[in-house]
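S.K.: As a plain string of letters, each chain reads:
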Amino acid sequence: MEDIRSSPDRELVDAVLANRPGAFERLVREYQGLCWHIIHRMVRHPEDARELCQDTFLRVHQCLHQYRYESALKSWIGRVAYTIALRHLQHKRIPLLENTDDGDDYALVENIGDGFDLEAACADAETAQHLHAAIEALPPLQRTLLTLYYLEEVTIPEIARITGLASGTIKSHLFRSRLRLRGALEARTGVAA
Amino acid sequence: MNHDIDDNIPPFDNADHEREWLLQERAMRRERLHLDPASDDAKTLRYRMLAHALRQSLQESLPPDFARRMATLTAAGMTAKPTSGTRFELALTISLVIVFVLAAGGATVIYGSAWLPSISAALPAPDPSTIRWLLAFAGCIGMSWLLGSWQQHRHGRD
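Those protein sequence lines, which keep their order, are chains F and B.
FYI, in the numbering used here the residues of the first sequence are 2 to 194.
FYI, in the numbering used here the residues of the second sequence are 3 to 160.
Treat the hints with care, since some could be wrong.
[Stated by the list, open to error] Short derived list, chain B residues pointing at chain F, Cβ under 8 Å: (1) Trp23; (2) Gln26; (3) Tyr49; (4) Ala53; (5) Leu60; (6) Glu62; (7) Phe68; (8) Ala73; (9) Met80; (10) Ser122.
No lab work stands behind these hints: they were computed from the structure.
Here a beta-carbon is modelled for each residue, glycine too, at the ideal position from N, C-alpha and C.
Could you build all of it, start to finish, from the sequences and the hints given here?
M.R.: This is how it looks when you write it as structure tokens:
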């Protein structure tokens, strides 16, 4: 593990806590993408997401002195963003997960699949749109986990620190989401079982 | 950042599920590295298409001057507003404390004349050294509280 005591994280945190000009702006610039991805994927409402991002960084600024370097700064800030988005969903009574039977997803494990032209499918705007719609239709938690894993390239242990979920649980969510999305793709492009 | 394949992630109990998971992971890595899809099977290709879609940036984004605006807001002393849940909990706690204090006051007024003399009779006569230690203890607690409040206030204003 990288020695966090001499890491750029510590330099940045020290600069912000010392109130050096431009330090907090640098911190925001560094992590605004992560926060936006977490919050937007959780709440899906751009205006709410922008406001929650602002709340996130105000809280980060207010509580940065409590950061103890026990995890990467990225995970700590991601955790703040995730918690704020989670509270928003709870307040709006939006479920984080849906209660569905996973049997249909798991049935896809047995599917062998037929020929598939990746380049043609990627180039087909309707197929891509169909896939993006399927991603949007996933429950907030699964959307967020996939975005952290693929777009932000955050490892599963780091996602565990951000979300507070066990690594095994995250793995299971990623697995089932990918199966479900593959099912959506096969429903569009056709498959022979 | 690279996904470390040696991360301690527990395997699935079901061997088929674990095999499928490894296939999903392999497809993700192949798509990330833009490897030639010619040798990939249909399943891998579909997972690669998922990876392709999931790696695309979101359509909406934060305003370009978001970081500068945040810096201005914090410099102006703006702090995070309490969430609605926190506000409710705070209001509930304050209400309960007020009700408790009023009830204690009422009970003292109504029944105090009956049990206060017996309590004061049961207490030992105050020893001056005990009082000094109690005062020192209270002073320490007060100083800690003041220092904590000052530190919080200072960081809140930074």
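S.K.: Each hint should be assessed against the structure and marked as holding or not.
M.R.: Checked hints:
Residue-level restraint check for Trp23/B holds (minimum Cβ-Cβ distance to chain F is 5 Å; threshold 8 Å). Hint status for Gln26/B: holds, given a least beta-carbon distance of 5 Å to chain F, under 8 Å. Annotation: interface hint on Tyr49/B holds; nearest CB of chain F at approximately 6 Å, less than 8 Å. Restraint check, Ala53/B versus chain F: the minimum CB separation of about 6 Å is within 8 Å; hint holds.
The interface hint given for Leu60/B is met, as the beta carbon of that residue sits about 6 Å from the closest beta carbon of chain F, less than 8 Å. Because the closest C-beta pair between Glu62/B and chain F is about 4 Å apart, less than 8 Å, the hint holds. Look at Phe68/B: its Cβ gets to within about 6 Å of chain F, closer than 8 Å, so that hint holds up. For Ala73/B, the suggested interface contact is upheld, since its CB lies about 4 Å from the closest CB of chain F, less than 8 Å.
Taking 8 Å as the C-beta contact cut-off toward chain F, the hint placing Met80/B at the interface holds, the least distance being around 6 Å. A cut of 8 Å between beta carbons decides the hint on Ser122/B: the least distance to chain F is about 45 Å, and the hint is violated.
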